[in-house]
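Chemist: What follows is each chain in one-letter form.
2 protein chains.
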Amino acid sequence: MTLDRVNPAIDPQHVAPKDLTMTRKSTSSIHQARRGMRPVAPSVSRLTPIGLTEVTLAGTGFWGSRVKVNADATIQHCASWLERAGWLGNFDAAAAGALPGLRQGREFADSEVYKLFEAMAWQHGATGDDRYEELAAEFTRRVSAAQDADGYLNTNFGRPGQQPRYSDLEWGHELYNFGHLLQAAVARARTSGEDDFVRLARRVADHICDTFGDDGIRSVCGHPEVELGLIEFGRLTGERRYLEQARIFLERRGHGVLADIEWGRSYYQDDVPVRDAKVLRGHAVRALYLAAAAVDIAVEFGDTDLLEAVEAQYARTIATRTYLTGGMGSHHQDEAFGEDFVLPSDRAYCESCAGIASVMLAWRLLLATGNPQYGDIVERTLYNIVAAAPAEDGRSFFYANTLHQRIPGDDVVLGTQSKRAASSTRASWFDVSCCPNNIARTFASLTGYLATVDEGGLQLHQYAAATIDTELGDGRRFGVSVHTDYPNSGLVTLQVHTAPQTPVAVTLRVPAWAIAATLTVGGVTSSAPVGSVVVERVFEVGDELVLTLPMTPRFTWPDERIDAVRGSVAVEWGPRVLSLESVDLPAGSHVDDFVVDTTVPPRIDGVGVVVSGTVVEPHRPGWPFRSNPQPARGRQLAASVPLVPYHSWGNRGPGTMRVWLRTV
Amino acid sequence: MTLDRVNPAIDPQHVAPKDLTMTRKSTSSIHQARRGMRPVAPSVSRLTPIGLTEVTLAGTGFWGSRVKVNADATIQHCASWLERAGWLGNFDAAAAGALPGLRQGREFADSEVYKLFEAMAWQHGATGDDRYEELAAEFTRRVSAAQDADGYLNTNFGRPGQQPRYSDLEWGHELYNFGHLLQAAVARARTSGEDDFVRLARRVADHICDTFGDDGIRSVCGHPEVELGLIEFGRLTGERRYLEQARIFLERRGHGVLADIEWGRSYYQDDVPVRDAKVLRGHAVRALYLAAAAVDIAVEFGDTDLLEAVEAQYARTIATRTYLTGGMGSHHQDEAFGEDFVLPSDRAYCESCAGIASVMLAWRLLLATGNPQYGDIVERTLYNIVAAAPAEDGRSFFYANTLHQRIPGDDVVLGTQSKRAASSTRASWFDVSCCPNNIARTFASLTGYLATVDEGGLQLHQYAAATIDTELGDGRRFGVSVHTDYPNSGLVTLQVHTAPQTPVAVTLRVPAWAIAATLTVGGVTSSAPVGSVVVERVFEVGDELVLTLPMTPRFTWPDERIDAVRGSVAVEWGPRVLSLESVDLPAGSHVDDFVVDTTVPPRIDGVGVVVSGTVVEPHRPGWPFRSNPQPARGRQLAASVPLVPYHSWGNRGPGTMRVWLRTV
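Residue numbers (the working numbering), protein chains in the order written: chain A, 23 to 686; chain B, 23 to 686.
Treat each hint with caution, since some may be false.
Identical chains share a label here; the pair holds if one copy fits it or two copies do between them.
Here are the simulated lysine to any residue pairs, SDA-like style, with alpha carbons at most 25 Å apart [claimed, not checked]:
(1) Lys441 to Trp285
(2) Lys441 to Arg125
(3) Lys300 to Ile537
(4) Lys300 to His641
(5) Lys300 to Phe647
(6) Lys90 to Thr78
(7) Lys90 to Thr540
(8) Lys441 to Ser189
(9) Lys300 to Glu639
(10) Lys441 to Val560
(11) Lys441 to Glu192
(12) Lys441 to Gln355
(13) Lys441 to Trp193
(14) Lys300 to Gly644
(15) Lys90 to Thr542
(16) Lys300 to Ala331
(17) Lys441 to Ser241
(18) Lys441 to Gln652
(19) Lys441 to Val546
Hints in this document: simulated from the structure, not taken from any laboratory.
My request is simple: use the sequences and hints to build the entire structure.
Modeler: Put into structure tokens, the structure is as follows:
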């Protein structure tokens, strides 16, 4: 494919930078201003994301309420846990010379502080919410105090009694931590301008380039992430050197520069160069962060081969290694992708962070290519992984997102730090607590995923009640209000409130499941085929576009090669995957004993979806393999049972759950 | 249940002990002599195992040839790897004061030396094979040189620069290593009498009791095993103290004496006391060794509650957590049992050592209860796990025994040490190389699993060409020759060659799959119902018993609650599970594309089994979940395909394989 040079400039900040040097010319100062408040700001893309302040999400509705819970509860929850777990204290201990004795947490504990700092920055920038500004300043002071004179900053390496710097690139996570630090600095710079944190980050970025350039250590970090940070910090500052360093890391990887380990070098994608790989593999978060960085690098360097390679890898990953929920990662052992079609429900790993990383990758591909199918992936993953991870109160989380809970389980005690990544109920915090802070920064910047612009118009990718007031790629102002109760309803009404006198193209994504969707404009209804529908006209203030997405619940069958769910169906309802919870079955029944009747379509009953079927009392043989095809069965009880959206399972106490319902 | 006090004596050695103190009275000196050459010699049991020298296995046939390969190749292979990997050298380094600098291998490397020593001892004792006697003497010298004055012996702990003794009971494996040392000493004492190794072991056993008694460290080892060693060493020496210490360890466990870990205390069975548990759980080898020790302790202390508890746990484990192959352990992550019915084929762990441990447990339960179903489990596991692990030449091994190989894989290089427990082909050695030595000691003592006696007669549990010459529980001599080509044929002929003038009961196990088996005695054929068939009469020399087990290959269906194989069937042939390998499909076809036709029974064609079905070219959708029940399919090709016994899969180079064949 050819990359359209829509926005060839390195990205500046939304607010006026105080003293960041812009080394590359930009083509439009207006673009620069508007493009500032965005987590991802490619210099080149087919679609241009709009800034967080250009979208105002209603405080109610599916996403609006979750973004509010994130702001009101999750960020503060994470901050108090960072303190309680001692991961913030590590920086104080470093400054006080009390390391390694007082150090707490794993190698990547530093990064959690940076991720939450990033969340606080977006939260402030997107809404003007000042509640966390003091905390951000405190984070900055405490982190800064631990930085070495040459820019290096890590609480786990380099001091007497600690391992030397970069002596364990496989597992040390030093560059990984830097990646999150740089992303946090981007958020800070784009929302508040240059300050001590941003300057600290620049010293880190320079240190990385000094240390890992062509004349430096010729290796990479065991966990990709620094590439994403370097690219975005390069876009922010215009420093070509940072982009180059990201590309160096990308090209080095895959040639066996890291040690072989029990799970093979595929674990950290050091088995095959990124541009030669055929599919994502190994540790899911690592693979997805790396692929996202590869897209960034491809667009910054005009490397269409690389972009096509990542597109093909992701396409096969979606076709063969992705759960119905959009979740990725089949293995608990190495938190990794399985081989093609290895998608067990009951040991699905589907790490929350992998879901976030998949959204990051899909979003970058959507920007680069304009292909609305990436919007479908973003939607599926947001509704069924990102929304599923946190509890309704935003203070406990799933780390892994199983599709089948076989035992109720009661090993999580709220208010304590869970040792386990997988639990039957959500936990307040984890020994490895990457997911809560990742959730926090994602929700804090979620409005950035709703819409894009190009020269001709506006593209709406996700549907939520919101007001959008933006500038098209050619500088014209355009604004719409989106009224919808999606996904409870499939009715999405756009009302134009700002429009130029010239034609504007409004593009609406039509999800792949939305067969027979319609669009009504000016009283005329026409079909809206799957993919996207475009209305190009001279809009007047008050004009309405009504998109109607059919919200009939539906059965979904799996590919026959997915052994784990053969003979089962799932039920989907709009963008949401549904699940059966034991609390909704007759007392004493197990979700595994429910056999669904697929001759009766799922239907809406009251506010939810119901399916028909039979609760089968199983025969209990001594040996579970038998010589006759038909099982001996006990009592059978016909039943209509309600299903709940997968994202809200586990909110009624310990129980069993399954997404894929037995048909036999 | 009530334990019959058939053999109330502590077990002595087969050869005259030089100076082992017998502290308990025995009821029969003849029993003592005969009972010596047995790996497991309960003081109390319903059935009494017979000594290794009382069974002479033919050098051909299924087991005879494998035992020969073990003797000729595997033992030497393991010995050279123990040297090459430096695990034997650790003892030299210890004696030379060169630890920790020169230490090689994991915490449990010492135990591998002991396991192979045990194999050499049984090999010598069972057959008089002198080839490894010199090596055994060398092992003894090198190990002895590393023992501390107080009996402690471990190359990984206690020296300057190493962790202190018993400072990491969760993962240190110190007591685990001792357990294998004690089992090795039992083998040595029962086959060669007391010598330096046996005396060394006595110092170890005393050290354990001194250190971990009621007044000592009130904890247990993270890996059960020392209990098995202490019990058998106690049976050997008559030292009640060793039995008591085993019981102390057993009763301590399950009360949270070890640290909580990522996978929970169930990993090392420290979550629930053994006598309260409902099912085996956690790390499979740990769970099975512990359960086997619990049976030993139950019979030695007349603890029927404990025996019943283990029987119930194992019964549920067999019914809900066991693969068709007899394999146990569903998780790669923690090498652990899954929850009930979590039995994925493609990520089946089924560690070879877990198979061996399950045989050890089933054998002990068979001895204690006489229930022939335990003989079925022993048979299933021997044919489909223990025989599957080693290659035909006995020089490479599966560590994990998957039931579904999805990709050919080529990551194993013969002659090198594999980092991975799971490979698509067998490996010469592993970083964690517990399985090869465990295989070696199991095959070296395999003849011990064929038959037992009680006062009234002989029980034949496994069928192999062999000569048995033994003494019944009441002292009468009895001998039979077993002629059979089992499992290629279901015909088993017993010919009596030694018989008393009084009635003898010969009991033959009839496997659960052998519907319509018959027994012919004196020209009269009668049905032999599943379970066991008994012929009690005054036998004359030359009398023949002919057991005919129907060997028609058969389809086997799984319990509907095993999601992983729903809509699939397996094919079994006598005691053997069969498998489909890609090398037997039309070129370019994948085993996952073969749909078997269950209306055509599997049939014997030539020397193997063939099934009918269709090779289906799958539709390749972009998203593997669809809204219509019927998949789009490409070309379909009817085919008859041969299946191979699972134990011999992977012997024709890298390929794909599955045990459970798709029916839809």
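Chemist: Tell me, in ascending order, the numbers of any earlier hints that this structure violates.
Modeler: Of the numbered hints, 3, 7, 10, 15, 18 and 19 do not hold.
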